[in-house]
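Protein sequences appear in the order of chains A and B. Taking the working numbering, I'd label the letters of the first sequence as residues 9 to 643. Taking the working numbering, I'd label the letters of the second sequence as residues 9 to 643.
Source of the hints: derived by calculation from the structure; they are not laboratory data. There's no promise every hint is true.
The list cannot tell twin chains apart, which means a pair is met if one copy fits it or any two copies do.
Stated by the list, open to error - Result set (DSS-like, lysine-lysine): computed pairs, CA atoms no more than 25 Å apart in a straight line:
no.: 1; residue 1: Lys88; residue 2: Lys60
no.: 2; residue 1: Lys164; residue 2: Lys94
no.: 3; residue 1: Lys252; residue 2: Lys464
no.: 4; residue 1: Lys74; residue 2: Lys347
no.: 5; residue 1: Lys347; residue 2: Lys337
no.: 6; residue 1: Lys323; residue 2: Lys160
2 protein chains.
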Amino acid sequence: MARVTFYLDDKIVETEVEQGATLLEAASISGIYVNSNCGGEGICGTCKFLIKDGQIERGPAGLLTKEEVEEGYVLACQTKVLGDVKVEVPLETRIEEGQILIDKDAKKLRTIRAGGEEVFFTREPLVDKLYLELPKPSLDDNLSDHQRLYRKIRSKKKVPILQTGLTMLQEIPTILRDNQWAITATLGMMGDTTELLQVEGGDTSGRNYGIAVDIGTSTVVVHLVNLNSSKTVDGEAKYNSQMKYGEDVIRRIIHADEEGPEELHSLIIDDINGLISTLIFRNKVRRDDITSVSCSGNTTMLHFLLNLPASWIRKTPYVSASASPPPIKATELGIKINKGGLVYVVPMIGGWVGGDITAGILACGMDKSEKLSLLIDIGTNGEIVIGNKDWMISCSASAGPAFEGTGAESGMRASRGAVEHVTMNDGRIDYSTIGDGKPKGICGSGLIDLVAELFKAELIDRRGALDPRKSDRIRERDGQSEFVMVPGSKTEIGKDIVITQPDIENLLRAKAAIYAGANILIKSLGLEFKDFERILIAGGFGSYLDRRKTQILGLIPDIPLERIQFVGNTSIIGAKMALLSREALDACHRIAESVTYIDLISYPNYYDEFMAAMFLPHTDLERFPTITQELSREV
Amino acid sequence: MARVTFYLDDKIVETEVEQGATLLEAASISGIYVNSNCGGEGICGTCKFLIKDGQIERGPAGLLTKEEVEEGYVLACQTKVLGDVKVEVPLETRIEEGQILIDKDAKKLRTIRAGGEEVFFTREPLVDKLYLELPKPSLDDNLSDHQRLYRKIRSKKKVPILQTGLTMLQEIPTILRDNQWAITATLGMMGDTTELLQVEGGDTSGRNYGIAVDIGTSTVVVHLVNLNSSKTVDGEAKYNSQMKYGEDVIRRIIHADEEGPEELHSLIIDDINGLISTLIFRNKVRRDDITSVSCSGNTTMLHFLLNLPASWIRKTPYVSASASPPPIKATELGIKINKGGLVYVVPMIGGWVGGDITAGILACGMDKSEKLSLLIDIGTNGEIVIGNKDWMISCSASAGPAFEGTGAESGMRASRGAVEHVTMNDGRIDYSTIGDGKPKGICGSGLIDLVAELFKAELIDRRGALDPRKSDRIRERDGQSEFVMVPGSKTEIGKDIVITQPDIENLLRAKAAIYAGANILIKSLGLEFKDFERILIAGGFGSYLDRRKTQILGLIPDIPLERIQFVGNTSIIGAKMALLSREALDACHRIAESVTYIDLISYPNYYDEFMAAMFLPHTDLERFPTITQELSREV
C-alpha cells in the first residue's frame, strides 16, 4: 500500500491505495471530484495534478504544455502511484461545489410522470442487456457461433430483425469459448431493427445505465439513469459552452456558416462528456456500464450535436437537415460511454420547434389527453403548443436568455447560491437560495419574483422603470438605474446583488415575446385563454415558479391558478422516458410527425401584440382583471 | 498536349495526353495494362514506371524503395505529365497477357441459367440506383431534407425500413442544393432493411456495376457485371496468393492459428483488389460506379475474407464463426470500390460445405427441381450434394488441388496457353490450348484427358503406373518416371510439358476421394448412381470436361452420358445471380439453412471405399461395365 496526500486549496486529504493505482483512482476513493473530460484516456488535460514529492510512474502528458510538464504537472489518470506521494490538486482541476449540485429535477423525477395526468409506458429500455447461457456445439447441433447466439437471443426476446457489425462477429467466437458459453448480450434498438452492440463474458445484466441529456441554448442538463430500476441516480448541469459564440441560435448558426460547424459541435460534445464524467465519478458507475444516451433539445442544438448543417434552419422556409436522425454510435460522435453504446435523438417537430417540445408533449401526456392544454416551454426560445390528443399546433417566440439567468448583471444558472424566491413586505426583502447558503446571484425564478415584487411595491412602473424616489436601494451607477437586492456584505461573492434597468427591460421583452406568441396562436384558432383546462409551464428554472407572480409579470394569462401547472424541465423528462421505454420513443415519433408548426412572422399583428405585452402586466388591463384588482392601484 | 512514349520490352507505344494527365491515364489510353492494386491511390507500389526523359510532376512514392526512387522509378498513378515524356514500363508492372485472358464463363453466362433447367429470378440488384427529382421546400412543405428524400425514395420503391449513416445525413443538404434537388440515390439491401449508401448530383443511374467473386482455395475468379443490363462485362482469375501458406484449407487455418489471420485476410483482399483493378481498367469502368461485391467460396475462404476466426472449423464439431454474415461496407474490408459500396457473402451451409455450394445449388436450380440430382463441385475440396426441392444432403471430400492444375510438374491454371484437351490415336498426340497458341502447361481438364488417354493407350496400368516399355515418351528423370506430352521445342516455355508418376498418383487420389465420398453419401440413403436423373459436375476447369474421359478416370460413375452435365463454375454463377436479384439471395439463405451436412469421417468404411477407388476406373469393374466393355481389355 502507498499513502497519497492531496493538498487542496482549503484542506489536506490523505488516503491509502495499492501500488500501481492511478492518482485519479486515489482521488476518487478520497471523494475529491476532478474534471476528466476524456474519461481517463490521457488525451485531454483536464485532470492535471502537481507532484510535490514521492514515487510515481508518469504516463502520456495529453494536452499539458511543455512548461507544465517541466513544473511537475501530470495527468492524474495516467500517473501510477509507486510509493508515498504528495500531490497538489489545482483549483481548476477540481469540480466546483456549485457545479456538482444535483439538479433538483433529477431527484424528483424518479418515476415517469406526466404533468397533471399519469401516463404509463411499458419499461423496455432502448438498450437492454440479456444474460444468456448457450448450449455448447455438438455434431448434432453445429450451428455457427453467430447463428447459435441469435437463436438464444430470440428465445428470450422478440427481435425480428437483428443486426451485428463485422467487429462483433470477429470477436464473438473467442468470447463465447473463453466464458464457457455464458455471456451477456447488449441489444440496442435501431428503429425497427435491433443491433447486437456488445457481447461480454458472464452476467453483467445488473449493470446497465443510460444518460438523458437536454441541450438548451444556454444550459446543458444531464441525468444518469439506472435502466434496470428506471430510477434517476443523479443529475448535473452547466452552461452551454457554445454561448461564447452567441446567446441565441441565430448567432450560432451564422458563426457555423462563417467558421464551420466543427467548433460548435465539439463544444457540445465536450460539455456532455464533462457532465457524464462528473456523474459517473460521483456515483461510482463504470463508464462501460453506460450503454445509451438520449438527447433532447431544440433543433439547432441537436443539429450541432450531430454536426448536421444548420444553415437552412434560420432562412425561410426553415428546413432542417434531419428532423428524425437515426441512433448513432457514441464512438462516432466522440461521446465517451461503452464503446458499443448508442446515442438517440428525440425527433424534432420542425426547424423552430425541436425535440425538446416533442419530449415536453410526451412528458405532459398532451398527446394522450382529451383536455385542451397550452404548453409553454420557457428557455432561450419560448415554444408554445396548444391542442389535445386529436390535434396540436405549435409556434416559437424568441425570448432570449433572460429567464435562464444569463445576461443579467447578477444573473446565474439555477445552482447552489442562486436566489430562487423573493418576497417583499413593507420594504423588507426575504429571499431563499438554492442550497440555503449565502447568495451568489439570481436565477430565472428569482428574477421573475423580484420584478413582480418590485411592481407590487411600486418601485417600478408599468413600463418597468425604476423610480429612485421610492427606495434607497435604487441607485444610479454608470449612467443606469439599479436596485440593490442584497448588499455585498451578505453575499458569497462579496459584491452587491442587483437588478439593473436593462435587466428588467430584458425580462419584459422576454415575457412579452412569449405572451404575444401564445396569444396569437390561440386567437388564430378562435380560442381564448379561458378555454384551456390547463396551462403547463415548462423550463429549467431550477425551482417551481410562483404562479401568481408569473401573472403579475404578465407572462402567464390571468386564469384561475389551479389551471396553471409548473412541470419543470420536460425536455429531459421526455428524453428519459424515451431512454426507458421504446414505446415512449415511438410516441415521440408520432408526436413529431403530427404537430403543425405556425410561423409567427407570417402574422402581421405579431409586432403590435408584442409591443402591447411590454407593459406590466399588459397594456390592456382587461386581460388581467384579477391582477388589476389585487394590486388595487390606480393606473 | 504532351507526347508520352512508352518503352515496353517488345515494343514502343506513343500517345498524346493533356498536360496534367497521369502516366496511368496515359497508359490506359494506349491500351497498356498495368497493375494497380491500390486503385490509383498511391499507396501500393504496383504501377511503377521508370522515367527515361521528360517533364513530369512527381507525387507520393507509395511502397517504392529509396533505391528505386533514386533510380528514377515513379508511381504511374501519382505522376503527372507536364511535357513530352519517355517512360519504360517494367515487365513486373504490366499485366501478363495470360493473366488478362477472359475466363470463358464470363462471356458464356450472360444470362442467369441453371444447369439443365432455366430458373427465373426477378431482377432486383442488391444495390440499386434511383434518379430522383425532389420538390423544393416551401413554407407549406418544409419537411427536413432527410425526410424529404425518404418520401421521394418511397414514392419510387418499396423500402419499409430505410437506414442512413450520420456522414450521409451531414452531406445530403448540400448535395441537394448544389444539384437543384436532382440527385441519384444508391440503395443497398441489408437483409430486411435498406441502406442509403450514396447520394450524388444528377442522374448517374445508368452507371451501376457489381463484382461477383469466387474465392477458391487455389483460384480466385472475379466477374464484372452491369447491374442495369444484368450482363457479364468481363472476367478475370488468378491463383489465390494464400497458397504460399498451404495448398489446403487445413494448413491455412493452422497458419492463422499460429501466426494470426491478418496475413491471410490481407492476401485475399489484395487478390480481389488486383482483379477488380484489371477489370475496370480494361473495360474503362469508373471505380465509383462499382457499388457492390458478392463473394462466394468455401467456408474457410469466406472466413479469411472477413477476418473471422476459422480455428473451430477444422476441429470437431466443425463450427464456423458465422454461416450467414451480414453485408459489410467495402471500406471496412479494404475492398476498393465506391466508398459507400457493400460486400455480400453467399451464406454457407456448414464448416465444410460453404457458400460456393449454396451458390451451386442455386445456379443449378436443385432447390426448385423435382428431379433427383447429384451435384459434384470439384475444387481443392470436392463437395457433393444430393437431393431435390424437398430435401438435400451434402458432404465434403478432400481432393487436393490436382484438378486445378497446381502441384503437377507442368500444371497450370486454365488460362492462355494451357492444354485443355488431349486425344491420342496410334501413338499420335493431339491437343488444343486455351487461346490456340503454343502450350505453356496443362490445366485440370487436360490432365483428366491425358490420364484417360494414357490408360486407353495402355501406357499406364490400372494403378496408374507408367510403363517405360510401352513408349519412347516415357522416361526416367531424378528417380521418377514421366511422360513427355509436348517436347520443349514446341512449347511457349521452351521446356518439355510432362506428366510425372506422382502427378498421376495425385490425380487418382483426388478422383478417389470424390468418387468415394459420393458413393458413401448415396449408399447411406439406400440409393444408387443410376437413381439420379442428372449428375451435375461443377468446377473452374476452364473448359468443359470430356464426360466419357471422366468416367474412364473413374471420377464420374458409369451412367448414360446424357445424364451428366458440366455446369462450369457454379460458385460464381450463383454469386452473380445473388448480386442481380434479391430473390436469388433470399433463395441462398433458404438453401443454406435447409441442406443437411454429413461428416464422411463418421463413416467407418470411407477409407476402404477410398482405397478401392484408387484404381482406373475402380477396383470393382462391375461398377463401370460400359467402360470395361469399351476398353475391351483383359484386366
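Evaluation of the provided hints:
1. Lys88 with Lys60: Within one copy, since 15 Å is at most 25 Å while 59 Å is not.
2. Lys164 with Lys94: This pair counts as neither: shortest intra-copy Cα distance 53 Å, inter-copy 70 Å.
3. Lys252 with Lys464: neither (36 Å within a copy, 92 Å between copies)
4. Lys74 with Lys347: neither (31 Å within a copy, 41 Å between copies)
5. Lys347 with Lys337: Intra 8 Å, inter 19 Å, cutoff 25 Å: intra and inter.
6. Lys323 with Lys160: between (51 Å within a copy, 23 Å between copies)
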